[in-house]
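Chemist: Chains as they are written, first to last, in our numbering: chain Z, 1 to 453; chain G, 1 to 453; chain L, 1 to 453; chain A, 1 to 453.
Since the hints were made in silico from the structure, they are not lab data. Since the model is a prediction, treat every value here as computed from it, not as a measurement. A couple of the hints might just be wrong.
The list treats identical chains as one, so a pair stands whether inside a single copy or across any two.
[Claimed, not checked] With a straight-line cut-off of 27 Å between C-alpha atoms, the simulated DSS-like cross-links for lysine-lysine are:
| no. | residue 1 | residue 2 |
| --- | --- | --- |
| 1 | 142 | 86 |
| 2 | 351 | 27 |
| 3 | 75 | 201 |
| 4 | 61 | 370 |
| 5 | 27 | 312 |
| 6 | 351 | 424 |
| 7 | 61 | 214 |
| 8 | 201 | 355 |
| 9 | 214 | 437 |
| 10 | 214 | 201 |
Number of protein chains: 4
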Amino acid sequence: MSPHPVVEYTSEASWALVEDRFSPYAKETLAKVIKFCEDEVSPAVRVAQAQIPDEPALRWKSGIPITEELKAKAKKLGLWNLFLSKAHYPQFGMPLTNLEYAVMAEILGRFGQIASEALNCAAPDTGNMEVLARYGSPEQQKKWLLPLLNGEIRSAFSMTERYVASSDATNIRTSIRQEGSDIVINGHKWWISGAGDPRTKLHLVLGKSDPDNKSAYHQQSIVIVPVDTPGVKIVRPMKVFGYDDAPEGHCEVIYENVRVPLGNLVLGWGKGFEIIQGRLGPGRIHHCMRSIGAAQAALDAMVMRVTDATKKTFGKHLHEHGSILQEIARSRADIDSGRLLVLSAALKIDKHQAKGAMKEIAIAKFTIPKMACTVVDRAMQAFGAEGISQDQQLAQTYAQLRTLRFADGPDEVHMQQVGRNELKRAPMLLQRQQESKKKEQALFERVGLMAKL
Amino acid sequence: MSPHPVVEYTSEASWALVEDRFSPYAKETLAKVIKFCEDEVSPAVRVAQAQIPDEPALRWKSGIPITEELKAKAKKLGLWNLFLSKAHYPQFGMPLTNLEYAVMAEILGRFGQIASEALNCAAPDTGNMEVLARYGSPEQQKKWLLPLLNGEIRSAFSMTERYVASSDATNIRTSIRQEGSDIVINGHKWWISGAGDPRTKLHLVLGKSDPDNKSAYHQQSIVIVPVDTPGVKIVRPMKVFGYDDAPEGHCEVIYENVRVPLGNLVLGWGKGFEIIQGRLGPGRIHHCMRSIGAAQAALDAMVMRVTDATKKTFGKHLHEHGSILQEIARSRADIDSGRLLVLSAALKIDKHQAKGAMKEIAIAKFTIPKMACTVVDRAMQAFGAEGISQDQQLAQTYAQLRTLRFADGPDEVHMQQVGRNELKRAPMLLQRQQESKKKEQALFERVGLMAKL
Amino acid sequence: MSPHPVVEYTSEASWALVEDRFSPYAKETLAKVIKFCEDEVSPAVRVAQAQIPDEPALRWKSGIPITEELKAKAKKLGLWNLFLSKAHYPQFGMPLTNLEYAVMAEILGRFGQIASEALNCAAPDTGNMEVLARYGSPEQQKKWLLPLLNGEIRSAFSMTERYVASSDATNIRTSIRQEGSDIVINGHKWWISGAGDPRTKLHLVLGKSDPDNKSAYHQQSIVIVPVDTPGVKIVRPMKVFGYDDAPEGHCEVIYENVRVPLGNLVLGWGKGFEIIQGRLGPGRIHHCMRSIGAAQAALDAMVMRVTDATKKTFGKHLHEHGSILQEIARSRADIDSGRLLVLSAALKIDKHQAKGAMKEIAIAKFTIPKMACTVVDRAMQAFGAEGISQDQQLAQTYAQLRTLRFADGPDEVHMQQVGRNELKRAPMLLQRQQESKKKEQALFERVGLMAKL
Amino acid sequence: MSPHPVVEYTSEASWALVEDRFSPYAKETLAKVIKFCEDEVSPAVRVAQAQIPDEPALRWKSGIPITEELKAKAKKLGLWNLFLSKAHYPQFGMPLTNLEYAVMAEILGRFGQIASEALNCAAPDTGNMEVLARYGSPEQQKKWLLPLLNGEIRSAFSMTERYVASSDATNIRTSIRQEGSDIVINGHKWWISGAGDPRTKLHLVLGKSDPDNKSAYHQQSIVIVPVDTPGVKIVRPMKVFGYDDAPEGHCEVIYENVRVPLGNLVLGWGKGFEIIQGRLGPGRIHHCMRSIGAAQAALDAMVMRVTDATKKTFGKHLHEHGSILQEIARSRADIDSGRLLVLSAALKIDKHQAKGAMKEIAIAKFTIPKMACTVVDRAMQAFGAEGISQDQQLAQTYAQLRTLRFADGPDEVHMQQVGRNELKRAPMLLQRQQESKKKEQALFERVGLMAKL
């Protein structure tokens, strides 16, 4: 029996560790994802770039035609909404575990944003669909979730605020208050991914509805804001390095006396923090796996480059110089160990929900994007100046990966959390040590010796 | 059902990934190993140190009494020769896979050399038993393997040579030649682990028997040399940093006209290279897992230290200063990802033999000891000067781990090997790229655009 | 006496080490450079950005008005062509040493490209002026050097080639051949800095005029090509992490049967390699010092950010979290030691010409840009997403610094060169060791002991 | 004129930067130090090791004969007490600046502890002589300082305490109290360097004399304790990575009701903190320069090793493999930049006293030992197992360098101090930024544009 095609894209050893956790359906779907990406997505990547106009005024006017074509094909093939696990979302989900989808997300990651979007598996829609599927009212689901699940519209998640350090949610300043049967929203956000896209029809806006609540975790609420509501102002796209990521973009958005009906409140007053907590876990795993895919693609590019006979210098192939082979070996090791780390976190989510896998998710969160940046940077160095130019994907990939070291909280926050979590083991460790010392003492007495100084 | 005790010593997430690959016997044995190490080995560590005399002349005269006691207890409990997998050694082995034993090896590693020895799972005996079990003649097995399996004697593997770079086996200078029905050995070795131990009764000596053979891989043979053969001279123990590791030691040894019967040749003339290749795979995995155990123990010590209220400085616990929490978090991530890497290599050995897992073994080999050194170094820094003194195990652990970055070939050799292995993927990658480019071209034509410059 | 204002911008300790090597004129000029940058350049940085049109078609049509204003002011103040040392270029230079200008270049570097251009000290013009001043014929100097020295025109250095690894100059494919009294040039270059600028009037083009010459170092020649010569095609600007660096740009350029008079040959046939060697030394020092200035500016921005009370998270200033203070301290140390390294190289150029300072220049070359990237990356991390956006200079600075790790040869080439240079010390070291061993032997005999094993 | 011999031992570029700050006497003395180390010290290093008995009981009984010989020779040559600068200690010092001695200290460092001791420039005596020369009463100077200056006796500085984190001096528990005309000392110290040496005749003991003083900096006093005073108990030598550093050692010492006359109080009650502050600055510079010398010696050893034809592997010299040349180049750069950093700190001490150079000293303190550890570790890796054995100095050097990352406060403390110091620049930076913004605003208005979003 020939090995699963995933092996050629990832690693035999990691596949061996998870293969028998894959259902036949998942294995088959994974193979179809690979084939679809190879046959359809890969040739479309630069076509999609060509379809985005250069003129600033035109870049945000429409979606990318080839992407819409891909979506139609993928949907037909059943490669659709694979991120949404039936186990967690019985009504809407696909019969895939987080672990199974994680392996697919790596494949998507190596083909870039367009791959995820083609399969309706692109952030921020994925997280938003999770929120609506889990917490949305039937009306909200009908009006917003179904078209999202169908890939007819897109959405934004409006959390990060300008002028404050909003990775600490207690710093949020956006105001959400009830006025009669309306909700009125005022706030100043930025880095709102997807807000530039003409297909985006709703924002899920996080704000403070009860700023004086004693519990910092019950002050926030989330409201659905249709983008055509008066007072919603898309100020400008933020750039990442020099990229604007049109047509989605990461925009600065002002909500000025935006008024929506009470029915647009999600889950209930003061439930904002609870919702974002639930939303982030699997999403972080997806980001990590896509990052690993991007790193693997960079390593593959590097391998091709350093064996390219036209790039010899001083009579040698690039790979014969200095430390290139070592950099490749290190990249191989970094990617393989990173992948295993994230897959083990995904498995833990399947077993214990995101909440039970907080530690593993946090470890992945601060480990993987940095690792992937390092791998891509090595590839860029092997390519020379071409590596940072528009002729290769590397620099844009680097820029996107670099943002993941802040997105959903900077590395530092997650490291502190994991560090503190480790400290909780201290009492158990101390007790164990003391018990051992007691026995040691008895043993010293029995053999008639004292510990060496 | 309460979780397996291994979780408290390693990681819930990695256990989740391998748990259902463990047989009931393996799970139970693993639990017994943990309990034995906790109850018996841990209290004995410093007692064993106290039982080694300080006087240079006496340090090499006998084994350590408490270790012999532990061996007797372990044997009785069936915790014996667990490293030898029945799947590979049907006649002598235990019903454990490499993966199952790997997890146990991590536990042993955290309690130091004495733990491995107590279970008759200590290098270099383990590799030597594998050689004799696989390649030894019935007479050799009877005379040498059985007492080794019984823990009655110990053994050395005599490969590394003074004055030459013997990590390249073609550089070996020791001469092994037939004279009538004898074999005569002349050579100068060093770093022969266990050669200082009075319980060591045999050396497996690698030398050149056919230096002119065209194939560099058929020039070497291996011979069993009883230590009491005239001409075997233990010159001195080599020190590792300032440690002599008595009573085993890593000795300089001269073989001067050492004469043994022809029956002491292992497997056949010119089979030396084949034997060492087979010997090294699982042994490297064991080293790696023990290193991970040592790193985990260092992290645990660090956690206890930085929460120790008597060590406050400038009014704060150590863990409240600067980057301590980050160092702990990084160590947690490094250990967890390293463990998964080695476990996946162990699984690959189970599936495809050591030969089929060369890449994974090499990755583990250059990744894990360095990682473990880093983790232990962080712990030393948290302990301050005490961390490098005889009052903590950290410095000695560091010294031992540091040797693993050369033992069985330096990191650099393994990195080059992995790097070269990756380059073999280039033709496949290129072909895939070219196919995609063709489709891309067709797509550009269809949409009537050209690639962006 | 109050300290020199440079101290506040760089470091008291490094200034102490070089202060008494500064002439009174140099000290005064340095102070004027600082004041000019503070008063005039700093407020103009974002104005200049605003004066570059967004429309792709318009970005390359003209220079930046505010830059021209600054140039006029700087020229009036005598802050002009400071890079050109009278000691090396008696006819055209300023009475400044390389060391003195190096300190000024750091100041310029912290205010960005516009500062260097304002003082007519911007690459690639600086290197081109050096070439023409040293090697140009009187006619060439009159026609091209004088307007360059006056800041009336700009220039490009056309060396890097598409499709080959041209960091090895023997790979150059551009053909330069004589046809009667003409020179005909055919070649395909890219990354030609300044080639997009409408003010650029000449390219210095490196090509092969004698590809069969036995000496790889005499195959190349350099020719002055006026940009309006038929056959000069500016294909497109290359982007660096999404930035096009308009209006200068780094362009792809094709020379197709470009025909110039024989008088445009610089220095002579086969002198190309000699010219580029002489050109690169001081230029690398300037790049390094500007990089240090950029790193210092990033550190200053980071200091302001982490003390900004509006960015508190979880009740603390950013600088109270984790390792921020350590990152700042490391950056301080990295910048200070890097600066000293480059200043010592500059001093060596002053004493022994660039050729006598090859080692020091190479060390600076592979050390400083990487260090500066690291410092800027730490600052970006402290800023969060804002740090990689258009609202801060950090990402663009990072992108520019990143290119310096390939420009004029990748880090790896320079490391190999320095490494090989060190190996030349081996015979001297061995001899010294052997002499010591002889004396040691005598000493052992005298005291009646042997070396410890 | 031939270059100064120091160039061959350090770096031409750094020497160029400081050469003209050297007096003729200093240049000559430096040359004599080099010659003495080459001719006398280098051959004696392993002889000295051989003269230290192996038997634990004998290792601490006497000084090393060859060292005493070297001391006599050095004294005769005037190479004596060079560390003590006449500028700071007019009565006792030598006419050398800190900068001048710093360069000599690097030379001493490359030949190990014995070199410093031979010139009576070894810690902790150096710091103790500084204390007594600056703060000692005439009687104290006569009784203790003169024999120390003569090299007749040695001394210890007793500060670090067992069981508490004494790098924060407020944690000190040792009690020093007056009883009539006596001082009574009770305390438990460890890591007291030199306390094992039979030639050590006095301890300078830091303890708390006024634990309730509101100022944490006036609670401590320092007392001279002759080692033969009843109640002084040398408990054991602490080991560093297995090394006991006999005969000096780093000992655990208990002071139990130790009673000395009031005249043994140094400087006055409550002056302990002031004394240690003054003591540490130059001493740290010496440690750093010696560390750089040790790193340079390791690099030299590495260069010899990798060019050794007998160590070829796989048909290549070691330096032709992978990244060896890069490691050498990096080490060269690390050493050179580190040296410049410390020299600039030494110069600052000469100009502004240790107090005025706190920042530079702290930067050197956390940068240099870590750098030197890295360089030595690279050399160990190039040597393979021999590199960590008793046959090379590398492992012992590593162990000593590793202690410097805790000694006088761990790296972390110094980084925090430097980090905080940088933050003090924030108000100045902010003001500068605001002024620039104001001018920018005016400029935008003048040109009729707005800042780009």
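Chemist: All the hints need checking, so say for each whether the structure fits it.
Modeler: Results of checking the hints against the structure:
no. : hint       : in the structure
1   : 142 to 86  : within (18 Å within a copy, 60 Å between copies)
2   : 351 to 27  : both (20 Å within a copy, 20 Å between copies)
3   : 75 to 201  : within (21 Å within a copy, 55 Å between copies)
4   : 61 to 370  : neither (34 Å within a copy, 40 Å between copies)
5   : 27 to 312  : neither (41 Å within a copy, 47 Å between copies)
6   : 351 to 424 : within (22 Å within a copy, 38 Å between copies)
7   : 61 to 214  : neither (45 Å within a copy, 60 Å between copies)
8   : 201 to 355 : neither (30 Å within a copy, 56 Å between copies)
9   : 214 to 437 : neither (46 Å within a copy, 40 Å between copies)
10  : 214 to 201 : neither (34 Å within a copy, 65 Å between copies)
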